[in-house]
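Using the sequences provided together with the hints, build the complete structure.
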Amino acid sequence: DTAVSQTPKYLVTQMGNDKSIKCEQNLGHDTMYWYKQDSKKFLKIMFSYNNKELIINETVPNRFSPKSPDKAHLNLHINSLELGDSAVYFCASSQTEGGNTIYFGEGSWLTVV
Amino acid sequence: AQSVTQPDIHITVSEGASLELRCNYSYGATPYLFWYVQSPGQGLQLLLKYFSGDTLVQGIKGFEAEFKRSQSSFNLRKPSVHWSDAAEYFCAVGVSSNTGKLIFGQGTTLQVKP
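As you go down the protein sequences, you meet chains B and E in turn. Using the working numbering, read the first sequence as starting at 272 and increasing by one per residue. Using the working numbering, read the second sequence as starting at 2 and increasing by one per residue.
Each hint should be verified, as a subset may be incorrect.
Listed below are the simulated SDA-like cross-link pairs for lysine to any residue, each with C-alpha atoms no more than 20 Å apart in a straight line [unchecked claim]:
(1) B:Lys315 / E:Pro8
(2) B:Lys307 / E:Gln107
(3) B:Lys307 / E:Gly42
(4) B:Lys312 / E:Asn25
(5) B:Lys307 / E:Gln43
The hints are simulated quantities; they were obtained by calculation from the structure and are not laboratory data.
See below:
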C-alpha cells in the first residue's frame, strides 16, 4: 500500500492551461505538504496544511492554489500554466507530534510546452 | 537564515568501496536532520534522521550518519557501496518541529563504478 500517493505521475500540457495534481495519504498524518523540485533538482517547500488549515505559503504565485478537503488529501491546482512551472511536484505528509518526520510521494512530473 | 550545504555535487566510487557524503547546516537552534535518497525517476525515500540523543544514527540500506554540533555537520556514510546505491542524496534540516518545514541541500549525485 502506497503511503503517500499522487496523481498523475506524468503530465504534459500547453502554456495557459489549468491543471490539478491530487494527493492522498493513508498514514493518518495531520500535516500535508507540496514541495517543488526544479530542473537543477533543488527542492523547496511550497505549501503546508495542518488539519486542513494552511500554515505555510512560501511566496508561491497566486496561480497555485492548494485545497485540502480533509486531512488525508491535499490537491494542487495550477492556473494559466507557464513554461517555468515545469518541475517535479512532491506531495508529502507528517505527524506533528514526534518530530515531524516527512514522508514523500513519488512525485508528479509536470512539463509545460 | 537557515541553510544546508552539500559541498560535493557529484561523487563516483567503486562498488565495494566506502562512502561519505558531506552535509553542513546553518541553524541557530538544535536541528532536526534528515537524509533522503532519490533514485532516477523516483520519489524521495527517508534514509535516516536525527532528532536528539545518540549522535550516530543508523538508517536503512546500511547507511549511518553522525551529527557533529561543533562542525555543524551531518555526514552520511556507508562502509561498502552497492551498485544499487547510485542515486541522488539530499540532506535536509527541519527548521521547526511544529510546521515540519524542511530546508534541503542541493543534493549529491552518487555514481557507482563496477
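Do the hints match the structure? See the list:
no. : hint                : result
1   : B:Lys315 / E:Pro8   : holds (18 Å)
2   : B:Lys307 / E:Gln107 : holds (13 Å)
3   : B:Lys307 / E:Gly42  : holds (15 Å)
4   : B:Lys312 / E:Asn25  : holds (18 Å)
5   : B:Lys307 / E:Gln43  : holds (14 Å)
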